[in-house]
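J.: Chains as they are written, first to last, in this note's numbering: chain A, 2 to 547; chain B, 16 to 321.
Hints are computed from structural coordinates only; laboratory data are not their basis.
Accuracy of the hints is not assured; some may be wrong.
Cut-off 20 Å, straight-line C-alpha distance, at most; resulting in silico cross-link-like pairs (SDA-like, lysine to any residue) [said to hold, decoys possible]:
1) A/282 to B/163
2) A/48 to A/229
3) A/48 to B/50
4) A/107 to A/79
5) B/172 to A/268
6) A/48 to B/230
7) B/172 to A/261
8) A/48 to B/62
9) A/48 to B/278
10) A/48 to A/246
11) B/172 to A/31
12) A/199 to B/278
13) A/225 to B/107
14) A/48 to B/61
Below, each chain spelled out in residue letters.
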Amino acid sequence: MRFSFVIACLGLAAAALSPPACERHDSRARRAARDGILLVGNGTEPKSLDPHIATGVTEHHLIMSLIEGLASEAPSGEDVVPGAAARWESNDTLDEWTFHLRPEGKWSNGDRVTAHDFVWAYRRILTPSLGGEYAAMLYLLKGAEAFNQGKSTDPESIGARAVDDLTLKLTLVGPTPYFPSMLTHYAWFPVHPPTILKHGRADTRASRWTHPGHFVGNGPFQLKTWRFKHMIEVERNPHYWDAANVKLNGIRFLPIDNIPAEERMFRDGQLHVTETVPLNKIEYWRDQQPESYYNNPYLAVYFYRFNVTRGPLRDKRVRHALSLAIDREAITRNITKAGQIPALSLTPPVAGYTGPDTVKYDPAEARRLLAEAGFSDPSSFKRIDILFNVSEAHKTIAEAIQQMWKKNLGIEVGLNSQDWGVYLDAQQRLDYDVSRAAWTADYPDPMTFLDMWTTGNGNNMTGWASPEFDALIAKARTVRDTADRFAVLRQAESLFLDDLPVIPLYVYVRNYLVSPMVTGWEPKLLDSRPWKHIGLRLDPAPSRTP
Amino acid sequence: MIRFLGHRLWQSIATLFAIITATFWIIQAAPGGPFQSERAISPHIREQMLAAYGLDRPAPEQYARYLGNLLRGDLGLTTKYEGWTVLEIIGSAFPISLQLGLLGMAFALAVGLPVGIIAAARRNSPADWVPMALSMIGICLPTFVMGPLLALGLGLKLNLFNVAGWYGWSDRVLPALTLGLYYSAYIARMTRAGMLEVLSRDFIRTARAKGASESSILLRHALKIGLTPVVAYLGPAMAGMITGSFVVENIFQVPGLGQHFVSAARNNDYTLLLGVTVFYATLLVAANVVVDLIQAWMNPRVRLES
Numbered sequence: 002m003r004f005s006f007v008i009a010c011l012g013l014a015a016a017a018l019s020p021p022a023c024e025r026h027d028s029r030a031r032r033a034a035r036d037g038i039l040l041v042g043n044g045t046e047p048k049s050l051d052p053h054i055a056t057g058v059t060e061h062h063l064i065m066s067l068i069e070g071l072a073s074e075a076p077s078g079e080d081v082v083p084g085a086a087a088r089w090e091s092n093d094t095l096d097e098w099t100f101h102l103r104p105e106g107k108w109s110n111g112d113r114v115t116a117h118d119f120v121w122a123y124r125r126i127l128t129p130s131l132g133g134e135y136a137a138m139l140y141l142l143k144g145a146e147a148f149n150q151g152k153s154t155d156p157e158s159i160g161a162r163a164v165d166d167l168t169l170k171l172t173l174v175g176p177t178p179y180f181p182s183m184l185t186h187y188a189w190f191p192v193h194p195p196t197i198l199k200h201g202r203a204d205t206r207a208s209r210w211t212h213p214g215h216f217v218g219n220g221p222f223q224l225k226t227w228r229f230k231h232m233i234e235v236e237r238n239p240h241y242w243d244a245a246n247v248k249l250n251g252i253r254f255l256p257i258d259n260i261p262a263e264e265r266m267f268r269d270g271q272l273h274v275t276e277t278v279p280l281n282k283i284e285y286w287r288d289q290q291p292e293s294y295y296n297n298p299y300l301a302v303y304f305y306r307f308n309v310t311r312g313p314l315r316d317k318r319v320r321h322a323l324s325l326a327i328d329r330e331a332i333t334r335n336i337t338k339a340g341q342i343p344a345l346s347l348t349p350p351v352a353g354y355t356g357p358d359t360v361k362y363d364p365a366e367a368r369r370l371l372a373e374a375g376f377s378d379p380s381s382f383k384r385i386d387i388l389f390n391v392s393e394a395h396k397t398i399a400e401a402i403q404q405m406w407k408k409n410l411g412i413e414v415g416l417n418s419q420d421w422g423v424y425l426d427a428q429q430r431l432d433y434d435v436s437r438a439a440w441t442a443d444y445p446d447p448m449t450f451l452d453m454w455t456t457g458n459g460n461n462m463t464g465w466a467s468p469e470f471d472a473l474i475a476k477a478r479t480v481r482d483t484a485d486r487f488a489v490l491r492q493a494e495s496l497f498l499d500d501l502p503v504i505p506l507y508v509y510v511r512n513y514l515v516s517p518m519v520t521g522w523e524p525k526l527l528d529s530r531p532w533k534h535i536g537l538r539l540d541p542a543p544s545r546t547p
Numbered sequence: 016m017i018r019f020l021g022h023r024l025w026q027s028i029a030t031l032f033a034i035i036t037a038t039f040w041i042i043q044a045a046p047g048g049p050f051q052s053e054r055a056i057s058p059h060i061r062e063q064m065l066a067a068y069g070l071d072r073p074a075p076e077q078y079a080r081y082l083g084n085l086l087r088g089d090l091g092l093t094t095k096y097e098g099w100t101v102l103e104i105i106g107s108a109f110p111i112s113l114q115l116g117l118l119g120m121a122f123a124l125a126v127g128l129p130v131g132i133i134a135a136a137r138r139n140s141p142a143d144w145v146p147m148a149l150s151m152i153g154i155c156l157p158t159f160v161m162g163p164l165l166a167l168g169l170g171l172k173l174n175l176f177n178v179a180g181w182y183g184w185s186d187r188v189l190p191a192l193t194l195g196l197y198y199s200a201y202i203a204r205m206t207r208a209g210m211l212e213v214l215s216r217d218f219i220r221t222a223r224a225k226g227a228s229e230s231s232i233l234l235r236h237a238l239k240i241g242l243t244p245v246v247a248y249l250g251p252a253m254a255g256m257i258t259g260s261f262v263v264e265n266i267f268q269v270p271g272l273g274q275h276f277v278s279a280a281r282n283n284d285y286t287l288l289l290g291v292t293v294f295y296a297t298l299l300v301a302a303n304v305v306v307d308l309i310q311a312w313m314n315p316r317v318r319l320e321s
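Taking the hints into account, I'd like the entire structure generated from these sequences.
T.: Structure follows, in C-alpha cells:
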C-alpha cells in the first residue's frame, strides 16, 4: 500500500517538474530560429579563441565568426573573396602582394582596422616566446622563419610592412599564386593590439583577452558569453563593415563530444547543425531524412607510415607489396562505411590538381614483388607491428589490414595499440614499423600534402629522404603558372608514390546533419563555415536537391 | 568528542598529502606531455610552451612549487584550455555537479529508503521480491545504458523532457533520475539488509512483547540502528555524486566536474588533473569525517571502537 503511494508521489513530482506541453511543442531550435540564433554542435570545448594559439577545427569554426582575415571565404566553393582587405594585387613574380584595407573596416569596439594591426599580429604569432603552433604557416613571409626560430630578433626583418594605415605590403619567399587562399586560415588573422596589451604582454599564452567582455575582433560576430564546457554564444557585431548582410543575430556553439547524445539532441529539436553523425545512424538519416543529411568530401587523407629505416621496410618492393595487398574498397565499404573514398594517390583531388593515381589493389603483383625482394617464403619475413592510438575505429582497420596481408602475402603482422602520447612519441622517435596516420589540409592546395615529406620536416616521421623530391618541391615554390606548378607537384608526388614511404588508404568525408530551417549552408572542402552567409527561416524549406 | 575529531582531522591531512604526492608523481611518470599534437611541434616552440607553464623545470622543483601554490589556494592554470585557471573551472563546474548530486541523492533516498524498509518489514512477500529484483537490475544496468534509455523513452518518445542540456529546471530531471536510480537501488538493498538484521534482535522482540505497534517498532526502534550501514555508505556516495559522474554528464551535456577527471587525464592536463583530484579527495575525506560523526552520534559503539 505504502509502496504504491511512493510511486504515485514520484509520478506527481515528475509531472509537476515537466514543463507545460506548449513549451515542449515549440522546440528550442524553433524558438532560437525565431530569434535568428543558430544552434551548432561544435564537437568539443575549444582550446583557445586566440587565433595565434588555437589549433583545430572546433577553434576554427569559432574564430571564423569572431575575426576576419584579409581574404574571406566565398559562400560556396573554394574561392576567396575580399574580407578585411577590399582588394589586393601582386607583382609579376607573385612574391610581393599589396593589400588595400577597407576604410570602413572596424574592430568590434569601434576602432579602425589598420595595416599596422596586421603587421603587429604577424610579429606576434612569429614571436618565439608565444609558442604559436601554427607560426610555420607564416614562413611564406620573407624573414619569418629566421625570426620565429630566434635566428633574427629584428621584427623589421619580417616581410610585412604597413605602407600607410590602409595599405599592407607582404613580401614572400617565392611566387605563391595560391597566397590569398592561405589568408583564410586563422594563423593569418589580425588581432587588436591594445586589447592584448591590456591583458598581458604580446606573448602571454594564457592571456584573458579572449574572455567575454574583453574580446575584440573584426568579424561578423562578437563574443557574448562563454560558459566553460557549456556553450559559447556570439552575437551580431554592429561595427562589422558588412553588418547589413549578416543574416543571423547570433550563434550558440555547444561543445558536445558525445556523438549519440548530439544526434538525440538534433532529433529532439535542440540543434540546427551537428558536428557529426553516429556511424549506426547514417543509413537512417541518408534514407529517411535526406533533406537533413550531409555527406561531403573533406580534404584529409588516412594513411599508414612506413619506417623506411627498419628491416625489410627499407626495400621499396616490400613497401609496394604491402600497399598492393590492401583492398581499400573493402575497407571503405565494410568498415568505415560513411562514404569515404578509397585513395588512389596521397593528395585528394583539390583545386584542379589530381594526383598520379598509381595506388591500387593487386594481390598477384604484391606476391611477385615480395618474392622478388627475397621473401618467396613468407615465413622468413620478420614479424612487423602496426602501431595505432587506442581507438575502436583504428583497431578495426588495422585488423582488416592484418588479415589482408596474411591472406594475400602470407605474412604475420602484430597490432600495437598505444595511448595517444605514447603513439605520438613512438612515431616521432621512429620507434615503429608501420604506423597509422592522417593529414588534414591547412589550405586548399596540393602543397599542403606534399611539402611535409621533404628531408627533415617535423611531420615526415618516416625516415624517408629524397634530394630529388626536395628539389622538386623547392622548384614548385618558384613556378608562377598554376598548371606548370601542378605539373611539378605531380612529378614530385609520382616520385613519392614510386618510393612509397606511406600507404595512402582513403580520403575522408564529413557526415553531419543540418536542419531544413538553415539557409545558405554550403559544404566546404576544409569544413570551414562562412557564418555571415548562413541564415534561418521558420517555414518548411523546399526539399534540397542532392 | 574533541579528541576524536582532532584525531580524524590529523588523519585527513596526512591522507590528502599522500594523495597529492602520489598523483603528482604518477602524472610525472605517465608517458607523453600536455602539449601533444598529431602535427609535429617544432622543438623550439614546444620549449616555449613548456616554459610558459613552468613545466621546463626539474620535477622536484615543480612539486615544491605546486605544494607552495596549493597552500596559498592557487591551483594554477590549465594547460589545455589556455587562459582559464583550474579554480575557475572547478568554480564553474562544481555548483552544477553539487546541484545534480543533491537532486540525485534526494531521489535515491526518497526511493531507496522506503522501498528497503517496506521490503524488510514484508520479508518474503511480493513487496520484498519485486523491488529487490528491480533494484538488482538497477545496480547491474550501467548509467551509460540507463541514461540513453531514459532520454529515448521520457525525452523523445513521451516528449516530457529535453534529451540533453542544462538550462531550465526540467533539464535537471533526467540526469538526476539516471544518477539517482543507480544509488537508490544500492540504498534499498542496504536498508533492507540493515533493517532485517536489527529486526531479528532481542530488543525488538521485547518491544513487540510489550505491545508496541508495528510502525512504531520499525520507525522508532529499528530504523536508527538499521540505517547505520546506509549512513556509512552515504559519505562516499555523496562525494561521488556531487563531484559528478562522467557518464551522466556526458550523456546529458551537463557542464559539471565529472567530465574533467576523464578528459584531464586523457589530455595530460597536469594542473587540471591534480586540481580536480585534490578537490575530490578533500571532499571525500571531509564527507567521511562527517559520516563518522553522524555514526558516532547514532551508535555509541563506534566511538568506543575508535
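J.: All the hints need checking, so say for each whether the structure fits it.
T.: So, going through the hints one by one against the coordinates:
For the hint linking residue 282 of chain A to residue 163 of chain B, the alpha-carbon distance of about 15 Å falls within 20 Å, and the restraint holds. At most 20 Å may separate the alpha-carbon atoms for a hinted pair to count; residue 48 of chain A and residue 229 of chain A meet this at roughly 11 Å. For the suggested pair residue 48 of chain A and residue 50 of chain B, the alpha carbons sit about 11 Å apart, so the restraint of at most 20 Å is met. Between residue 107 of chain A and residue 79 of chain A, the direct Cα distance comes to roughly 26 Å. Violation of the 20 Å bound is thereby established for this hinted pair.
The suggested pairing of residue 172 of chain B with residue 268 of chain A holds, with an alpha-carbon distance near 11 Å, which does not exceed 20 Å. Distance restraint check for residue 48 of chain A and residue 230 of chain B: the Cα-Cα separation of roughly 59 Å exceeds the 20 Å cut-off, and the hinted pair is therefore not satisfied. About 16 Å separates the Cα atoms of residue 172 of chain B and residue 261 of chain A, which keeps this hinted pair within 20 Å; it holds. Restraint check for residue 48 of chain A and residue 62 of chain B: the C-alpha separation of about 19 Å stays at or below 20 Å, so the hint holds.
For the proposed pair residue 48 of chain A and residue 278 of chain B, the alpha carbon gap of about 13 Å is at most 20 Å, so the pair holds. Annotation: proposed proximity of residue 48 of chain A to residue 246 of chain A is violated, straight-line Cα distance about 30 Å (limit 20 Å). Between residue 172 of chain B and residue 31 of chain A the alpha-carbon distance is near 19 Å, which keeps this suggested pair within the 20 Å criterion. With a CA separation close to 32 Å, the supplied pair residue 199 of chain A and residue 278 of chain B exceeds the 20 Å bound.
For a cut-off of 20 Å, the pair hint linking residue 225 of chain A to residue 107 of chain B stands: about 17 Å separates their Cα positions. For the hint pairing residue 48 of chain A with residue 61 of chain B, the CA-to-CA distance comes to about 16 Å; that is within 20 Å, so the pair holds.
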